[in-house]
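Colleague: Spelled out, the chains give:
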Amino acid sequence: MSQKRIVLVDASLESSEVLVRRLHAQGYLVEATTDPALGADMALAAPPAAVIADLWMPSISGVQLCRLLRAEAATRDVPVILRGEVDDPKSRFWAERAGAAAYVRKGHMGELVRVLAKAAVVQPAADGFFMQLSGGNVDIRDRIARHLDAALFDSVIAAEVRALAACGSVDRLFDLFSQLVSQLVNYRWLALSTVSPACFGLHYHPHSAAVAEAEARAALGADLSNNLIRVADEDASEEQTGPKAIVFEIPFAGRILGRLAIAPLAGGEEDATNMLKLVSSELGGPLRMAALVDEQERLAAIDPLTNLANRRSFLAQMTTEISRSGRYGLPLVILMMDIDHFKLINDTHGHAGGDHVLTDLAAQLRHELRTSDLASRWGGEEFIVALTNTDLEGGRMAAERIRAAVAKLVVLHDGKPVPVTASLGIASFDGKESLDTLIDRADRAMYSAKVSGRNLVVAAGDLDCPRDNKQSKLAS
Amino acid sequence: MKKVLVVDDSATVRQQVGLALKQGGFEMIEATDGLDGAAKIGSLPDIGMVILDVNMPGMNGIEMLEKVKQIEANASLPVIMLTTEGQHSLIERAKKAGAKGWIVKPFKPELLVAAVRKLILA
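Protein sequences, first through last, are from chains A and B. The numbering used here puts the first residue of the first sequence at 3, with every later residue one more than the last. The numbering used here puts the first residue of the second sequence at 116, with every later residue one more than the last.
Each hint should be verified, as a subset may be incorrect.
To give an idea of the chain B side of the interface with chain A (calculated C-beta under 7 Å), a few residues [to be verified]:
no.: 1; residue: A153
no.: 2; residue: K210
no.: 3; residue: G216
no.: 4; residue: L226
no.: 5; residue: A230
no.: 6; residue: K233
With a Cα cut of at most 16 Å, we get these calculated EDC-like pairs of lysine to aspartate or glutamate [to be verified]:
no.: 7; chain 1: A; residue 1: K452; chain 2: A; residue 2: E384
no.: 8; chain 1: A; residue 1: K108; chain 2: A; residue 2: E87
no.: 9; chain 1: A; residue 1: K279; chain 2: A; residue 2: D156
no.: 10; chain 1: B; residue 1: K223; chain 2: A; residue 2: D37
no.: 11; chain 1: B; residue 1: K223; chain 2: A; residue 2: D141
no.: 12; chain 1: A; residue 1: K410; chain 2: A; residue 2: D445
Bear in mind the hints are in silico, worked out from the structure with no lab data behind them. Cβ atoms here follow ideal geometry from the backbone N, Cα and C, with glycine treated the same way.
With the rest of the complex left out, here is chain B (with noise of 0.2 Å):
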């Protein structure tokens, strides 16, 4: 099964979305930051869908998501923002840039599961 990539600065969020990915049966690439992200998307086959933070330092998670999604080859893979963000504005650009979907942390493993489930099986 394809993998999940779950770019987030915080090693203990990426800990607790590992955590509920492997109960859920998937399992986790990771990635610290934005630039990391897109280049392992880039360079790593079997990355099946994303999880992806929006603040962090360097490339910020919605400018990774519009770099991305400008290849081609990107356009069908599913990208949900994982954060603490809940601003109108930028849940509008994350929707226009062709994000999947928006859960705000805290979030509940077991709804992030049937989130990731959902998209990663589509």
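Bound-form chain A, shown alone (with noise of 0.2 Å):
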């Protein structure tokens, strides 16, 4: 068997000859050098079984050498002990980021002979042809600031992409994400796909809308018609073929999120590889953060039985529209529903044909309103929905249509019918009136409806006050 080779690169020729014996006595044939340049020469040349260099060492640290020898390809598995002076964890943390199989502290030489025997790699037989082509020329301290300024380019976009966490929303996250990319590399489009929430986020030039999206589609197999994010602007290139589209799986805490895909330019196949390869590994965390802030506002703004907006949620839209309709002048009707004897409803049924009950309703409802209007679950049996761009008028036959339809739905429980009726109330924007004020009237239009009879639709200006002209002039 051959003997293991060792590279040696110590600041001090005497502790370095104790140690060279020392190691001989193992069986180990060391190569000992002062000079930190000519110790990183000779494992280029010829790879041995391990690199021992100081962690700091005059000229060039023992962590730049090893962050050169991680990242040459002839001595990416050659394993790299440093030593340093004390056993701190300041300089075992910096040793292990730099790549170094171990840090062992110096005079401690039975500690450095076991973490050797552990970590010396056998190197591959010699059919290994070497060349020494710079003549023993290389300039070392050239390959490592290069080494050095690549790894602080990938830090840097690291950084950048994990700082996207802070962006709150997964449509904002692939807008921000899109512009950091195409700062960095030439692309015609830019695609990504999440699982939960199922979103597909696309990138293109605007003149390539539909190549992109057809190409996308073809690279991710995902599904577009699921919350679609397109960003169209002339940061992605023009052309409109080129190379095939790469593909990157984007993994967080063990599973899968997600999928990047980029179309390169001709040329461009390797640089936007190791990009995208890059950023789709520090993608993870910010995309989950974004996308559990936006089910965390989802849920703070829906109730969770009729997927309605909740009180909450529609009292904040409501205020910014109603400043709305004031400003413009915009018709609005506020309609309250309450289910007529839901009690008893849920004493004959039970709780869950209550439920059953309110998550119909809700879905009718829905399907009786335009995308324009907020319908949202007041509480208990009660609904709120706010009709925008709508006349008194125009509320009165929504809310009779909504009350026939209500009327008319057969919820069947345990398959057993049970009739639903809804009283409503209607009240229209006087233009000038509180939010508090527009809802109080609608609510006491429909316990006007229950008082007359329950399944009926009462509108504010029908009973307790006359109708106010200004309210009629707003209202057509």
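The two chains are supplied separately, each in an independent frame; assemble them into the complex guided by the hints.
Modeller: This is the structure in structure tokens:
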């Protein structure tokens, strides 16, 4: 068996001699030098079983040497053992981060020998034809500078991607992410597909929308109907054709959150691959964070039973809506709906039966409304709807349609039909009242409908107060 | 220990290589061209490896390599080329003929010795 060859870089000649003797005794073949650059040369020229170097040395540090050997193809698998005067966590930290196999305190030769026995690799049999084409004039410092630059670029990009965690929504994340990547690599399109929430982001040149979408769909096999985020801008290349798309998975905590695809330009495949590999490995955390924020906001805004907006989110949205209507003189109707004899339904069919009625009724309500209308579960068996850009007569027609649909609704609970009716009250915004007042008027109209026999629509103007002229003018 | 045959038409290079080898603990046998080198491999039993120049009068290094390697007994004899040449086609030819490495002059003594040590002890 051939001896294992060790390259030893030690700034001090005396300590080096002692160590060389010790390692010789252990059967290692040691090439020692005090010059880190020469040590690197020796390791690169013929990869040894291990390299031992000081963590802190003048001119080239052990950290730099270690990074160089990790980055060069010839020495990628050669373990580096770094040594230092002190045994402190900081030295261990930097040795580990540089990619060292171990950090050993100087003078502790027994430990070094043990670590070496474990770490030293057997170099493949010498069919490996070696070349020293530089004639021994390789500038090690140039190489180190190049590798350190590359490492710095990578860590800056990684930090930029990780910082996207603070952006607060998946939509915004994809927009900022595509802005970032488009500065670093040229591409025709960039696409992101995520599983949960199901979402698809596509960044492309405005002239290439159709091509980009078809190609991205093919590359990611994603269902584009779901939550498509389109970012069209001229940061992306206008080229209509190019090399095959490159796809990377986005890992997070042991699972795959989604996939990232890029359509590189001809000749830019390698750059694009490297970039995508880096950013996809960093995107998982920010993506998960953005998805959680989205989900959190969604959950805070909806009623979990009916999936309608909850009271808080209704009020929040109506605050802007009512001031908009006031400012532009747009008509607006608030509709209150309360299920008739709901207590009786609960008593007869149980709470599950009551919940069943609420969900079916909410679905029916959604069906009867326009997308611009805002429906919400106000509480208990009470629902509230804002009919935007609708006057009192329009509101009355909508309310009547809803009342009739509810009365026709057959809720089947445990195979038994549960008859349902609702009482509705509407109020038309007078252009200046507060939201509270408007809602209160609708509520009182609904109460009147209850009193007048249920399964009815009553408008606020019909009863207690005569119709206001100004309101009619606004409504028309 | 086996000796290193250094084949080079330049006495200066042979001297430089000899010095580096001596410092590394190896002994040198000299040859001045390809014919001389091939003859010494055939007649001297204690040659453990060869350091071979390319451009030499008479038989050049590549030709010598090819001739020597045709002999069964020399199949495992390690040869490294030490030359000012860096042409890809020449390197490929040497590799194909069975050379173990290619070092461009001027060489760094420590690296040359490291390569010798690795090959002669393998």
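Colleague: State for each hint whether it applies.
Modeller: Consistency of the hints with the structure:
1. Violation of the interface hint for A153 of chain B is found here, the shortest Cβ-Cβ separation to chain A being roughly 22 Å, above the 7 Å cut-off.
2. The restraint placing K210 of chain B at the interface with chain A holds, with a minimum CB-CB distance near 5 Å, inside the 7 Å limit.
3. Taking 7 Å as the C-beta contact cut-off toward chain A, the hint placing G216 of chain B at the interface holds, the least distance being around 4 Å.
4. The beta carbon of L226 of chain B comes within 5 Å of a beta carbon in chain A, closer than 7 Å, and the hint placing it at the interface holds.
5. With a least beta-carbon distance of about 6 Å to chain A, the hint placing A230 of chain B at the interface is held under the 7 Å criterion.
6. Against a cut-off of 7 Å between C-beta atoms, the interface hint on K233 of chain B holds, since the closest Cβ of chain A lies about 5 Å away.
7. Note on K452 of chain A and E384 of chain A: the hinted pairing holds, with a Cα-Cα distance of about 13 Å set against a maximum of 16 Å.
8. At roughly 5 Å between alpha-carbon atoms, K108 of chain A and E87 of chain A fall within 16 Å of each other, so this suggested pair holds.
9. Taking the CA atoms of K279 of chain A and D156 of chain A, the gap is about 11 Å. The hint holds against a cut of 16 Å.
10. Taken as a hint, the K223 of chain B and D37 of chain A pair is honoured in the structure, with Cα atoms around 13 Å apart against an allowance of 16 Å.
11. A hinted pair counts as satisfied when its Cα atoms are at most 16 Å apart, and K223 of chain B with D141 of chain A qualifies at roughly 13 Å.
12. Under the criterion of a C-alpha separation no larger than 16 Å, the hint pairing K410 of chain A with D445 of chain A is inconsistent with the structure, at around 23 Å.
Checked against the numbered hints given earlier, the structure breaks hints 1 and 12 and satisfies all the rest.
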